[in-house]
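Q: Chains as they are written, first to last, in our numbering: chain A, 441 to 520; chain B, 441 to 520.
Just so you know, not all the hints are guaranteed correct.
Treat identical chains as interchangeable: a pair holds within one or across any two.
[As the list claims (entries may be wrong)] With a straight-line Cα cutoff of 27 Å, these simulated DSSO-like cross-link-like pairs (lysine-lysine) come out:
| no. | residue 1 | residue 2 |
| --- | --- | --- |
| 1 | 442 | 493 |
| 2 | 520 | 480 |
| 3 | 442 | 520 |
| 4 | 480 | 442 |
Quick caveat, the hints were computed from the structure, so don't treat them as lab data.
Quick caveat: nothing in here was measured; it's all calculated off a predicted structure.
Number of protein chains: 2
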Amino acid sequence: MKIIVNIQLKEGVLDPQGKAIHHALNTLNFNEVNDVRIAKQIVMQIDEIDEEKAKKRVAKMCEELLANTVIENYEIEIAK
Amino acid sequence: MKIIVNIQLKEGVLDPQGKAIHHALNTLNFNEVNDVRIAKQIVMQIDEIDEEKAKKRVAKMCEELLANTVIENYEIEIAK
């Protein structure tokens, strides 16, 4: 089963990488851009048939390793 | 308009960050994980009402700055 985890900074947490890209886009005359935020996407293949079980396992992975839950939120999505 | 750009390494391109996470997950006894790949997600707010025009502008941003098209693919998605 293919699972996609999106990890993004919580609202209010400063995103310097996003700010840098925003600035670079403005420099290249893409002035219509108002805000840029960067997120990580982790795409994994796991051996699990049950969707609920898979989501629970991946949530555990996020809590233990993948996300820094102090400053980041994560979303788990099953890729069809 | 909120636009999400997913930038991932092309197939066949080595992903050392993904490999490291895969290895770390196995060390933590998440043995059901078979493969991990990391992608970048760029979430931006742009001043544009027309979806087609917005997509074209963002594709241009990807070509010029956001993606390294030699090793990366990008997908543009309008967030509703």
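Q: Give a verdict on every hint.
A: Each hint, compared with the structure:
no. : hint      : in the structure
1   : 442 / 493 : within (13 Å within a copy, 32 Å between copies)
2   : 520 / 480 : both (20 Å within a copy, 20 Å between copies)
3   : 442 / 520 : both (7 Å within a copy, 24 Å between copies)
4   : 480 / 442 : both (16 Å within a copy, 17 Å between copies)
The structure meets every hint from the earlier list without exception.
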